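Colleague: Protein chains in written order, with our numbering: chain A, 32 to 346; chain B, 32 to 346.
These are calculated hints, taken from the structure and not from any lab test.
Accuracy of the hints is not assured; some may be wrong.
Just so you know, same-sequence chains aren't split out, so a pair can sit in one copy or run between any two.
[As the list claims (entries may be wrong)] Below 27 Å or equal to it, Euclidean Cα-Cα: the simulated DSSO-like pairs (lysine-lysine) are:
1. 229 x 172
2. 43 x 172
3. 322 x 43
4. 330 x 277
5. 277 x 336
6. 277 x 206
7. 206 x 336
8. 322 x 336
From a predicted model like this one, the values you see are computed outputs, not experimental measurements.
Protein chains: 2
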Amino acid sequence: MSDEFSRIEEIKRRLLTDSNEVQITIGDDGAVLTPSDASQILSVDAQVEGIHFCRDFATWNDIGYRSFVAALSDLAAMGAQPRVALVSLILPIEFADNDLYCLIDGISEAATAYRSPVVGGNLSAGAQMSITTTVIGQSRKEALTRNGARPGDAIYLTGRVGRAALGLRCLQNDKEARGIDFVHCWRRPRARIAEGLKLARLASAAIDISDGLLQDLSHVCRASNVNAEINSDAIPLDETYCDLAKELGHYPLALALTGGEDYELLFTAPRDTPIEGLGTRIGRIVEGTGKVVVLDERKRVLTFKNAGYRHWQNK
Amino acid sequence: MSDEFSRIEEIKRRLLTDSNEVQITIGDDGAVLTPSDASQILSVDAQVEGIHFCRDFATWNDIGYRSFVAALSDLAAMGAQPRVALVSLILPIEFADNDLYCLIDGISEAATAYRSPVVGGNLSAGAQMSITTTVIGQSRKEALTRNGARPGDAIYLTGRVGRAALGLRCLQNDKEARGIDFVHCWRRPRARIAEGLKLARLASAAIDISDGLLQDLSHVCRASNVNAEINSDAIPLDETYCDLAKELGHYPLALALTGGEDYELLFTAPRDTPIEGLGTRIGRIVEGTGKVVVLDERKRVLTFKNAGYRHWQNK
Chain A
32 MSDEFSRIEE IKRRLLTDSN EVQITIGDDG AVLTPSDASQ ILSVDAQVEG
82 IHFCRDFATW NDIGYRSFVA ALSDLAAMGA QPRVALVSLI LPIEFADNDL
132 YCLIDGISEA ATAYRSPVVG GNLSAGAQMS ITTTVIGQSR KEALTRNGAR
182 PGDAIYLTGR VGRAALGLRC LQNDKEARGI DFVHCWRRPR ARIAEGLKLA
232 RLASAAIDIS DGLLQDLSHV CRASNVNAEI NSDAIPLDET YCDLAKELGH
282 YPLALALTGG EDYELLFTAP RDTPIEGLGT RIGRIVEGTG KVVVLDERKR
332 VLTFKNAGYR HWQNK
Chain B
32 MSDEFSRIEE IKRRLLTDSN EVQITIGDDG AVLTPSDASQ ILSVDAQVEG
82 IHFCRDFATW NDIGYRSFVA ALSDLAAMGA QPRVALVSLI LPIEFADNDL
132 YCLIDGISEA ATAYRSPVVG GNLSAGAQMS ITTTVIGQSR KEALTRNGAR
182 PGDAIYLTGR VGRAALGLRC LQNDKEARGI DFVHCWRRPR ARIAEGLKLA
232 RLASAAIDIS DGLLQDLSHV CRASNVNAEI NSDAIPLDET YCDLAKELGH
282 YPLALALTGG EDYELLFTAP RDTPIEGLGT RIGRIVEGTG KVVVLDERKR
332 VLTFKNAGYR HWQNK
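Only chain A is shown next, with the shape it has when bound in the complex (with noise of 0.2 Å):
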């Protein structure tokens, strides 16, 4: 195994991409960024092994991959283009330096496909993996948040929800073969950063689902102190996705509005706002003070065991 700075070395020329937004990369106690008028915007996100990963699940360029595109949604979520990013490292006395470069180049794939160079770092010893990706990008309109959400807006969705986690649940359950493309979605989702550009004109808050639509969206209620109003019939899901739930013993709902990890955005506009076919419609936000239902289609209220993930309380 090497040692720390013949990693660093390694990780760097692994790295090394050139970029007018960069003076200085990788490599010096700071990176230095290019002078730019716009609002700058930041974010961090770590992904710990055992919590939000396991290595029998993903190989180790799609878990650099995945990690690293968690971090930009939460740009997306802002209606912010990504500039650079930041990783930093725990890795345990036993991961090998090969496990290690094949994390960098699946970062890599995602910094390049996102136009964000990874351009600083850190290193460190630790008994258990994480990686911390700090990301900073820029806007020049106003950021779009969580707490712009009126009564009489309607809820949107940008694609589907569910079909991570149900991914994840076919690898726990050794059912990979069966729902590829869902494992797919798990292990490679994306950020919505094209649609969030667009939405920081026509939305009036968003969010990015990380942990649950349920979840999320009450975030937004509460910033934006109003009620939601889910119609369950709304929510997009096709037979394929609906069939194999089922054949895994949940019920495809559910795991629609409570499984995370989609990284898709929910909005709210007004309704007359030409959302541009950037999402479905799925409710509405009413008077309140913070809470999400969800209806079906008779009005009547449907209620979830949890609304998602959340650290210290879910097993």
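Following the hints, position chain B against chain A.
Modeller: This is chain B only, laid out in the frame that chain A set:
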């Protein structure tokens, strides 16, 4: 124990500060900074329990404070003014709320002292406690880097080194009362921000000493493609330090040159630069390819077992 979101609310309350650098702070998907046309400088540092600190040797308040200063020290070495920070915590299930809030108060104390408010972060469950701090600073001058040292430059050191390492050894040997001043250096280090800002227009290269003077100087030498000669008798050591180091079985000079975590700055400048009392001259830069030698008063080369701390090499 509170769940993730209750903890975030309480942390937000404890960290809330007014700052005209910030448009949106903790509580959304990302933080938004006020636009600035200066160069933004980024760095990240992780402190892991059992590697960088041990809960027997410091309060959570101290651990929070020093983790923040360690991160800011990289901005000092770049000649940058701190602006804001993000703090990502991994906390074991048994980590108590009260310990968490003591940690946050220590972070808050450092954030206030260095006018660098915490504007975001992340909480995650995990087996081993760690603190990952991202700092964002800015500079209107050219950043101080590691690669500008030239043959003929003098090498300088702010303050004194070895003191934090001696403090840690006092704690490890049950001599806290005997070495309380040194223990304080380890528990409550300071980042040389003001010195870094002045050095931005004076120094040819700089680095902060986190891992040990010899090792950190060797980074400067490799980045600048030069050698360094340190005069051992120029290293500032006082009698109290030397006596206690010897009492604990350490060669005072070796501990000063290889012990880390003082967060002093090491810098180089052409010999005739008026460095305004910012440091002690301890050696010179000569032609070479990245080596550091230490000479005694008769110009004999002294050798040391380890130059400093590096992960996956030091035990």
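Colleague: Are the CA atoms of residue 277 and residue 206 at most 27 Å apart within a copy, between copies, both, or neither?
Modeller: within (13 Å within a copy, 64 Å between copies)
Colleague: Within, between, both or neither: how does the pair residue 277, residue 336 come out at a Cα-Cα threshold of 27 Å?
Modeller: Within one copy only: 17 Å inside a chain, 63 Å across chains, cut-off 27 Å.
Colleague: With identical chains, the pair residue 330 and residue 277 could be close in the same copy or across copies; at 27 Å between alpha carbons, which is it: within, between, both, or neither?
Modeller: For residue 330 and residue 277, the Cα distance is within 27 Å only inside one copy (24 Å; across copies 79 Å).
Colleague: Using 27 Å as the alpha carbon limit, work out where residue 43 and residue 172 are close: within a copy, between copies, both or neither.
Modeller: Answer is between: at 26 Å across copies they meet the 27 Å cutoff, but 33 Å inside does not.
Colleague: Given identical chains, is residue 229 near residue 172, meaning Cα to Cα at most 27 Å, within a copy, between copies, both, or neither?
Modeller: within (11 Å within a copy, 35 Å between copies)
Colleague: Could you figure out if residue 322 and residue 336 sit no more than 27 Å apart (CA to CA) within one copy, between two copies, both or neither?
Modeller: within (15 Å within a copy, 63 Å between copies)
Colleague: Should residue 322 paired with residue 43 be assigned to within, between, both, or neither, using CA atoms and 27 Å as the limit?
Modeller: between (47 Å within a copy, 21 Å between copies)
Colleague: Reference check for the pair residue 206 and residue 336, CA-CA at most 27 Å: within, between, both, or neither?
Modeller: Classified as within: same-chain Cα gap 25 Å, cross-chain 54 Å, threshold 27 Å.
When the structure is compared with the earlier hints, no violation turns up for any of them.
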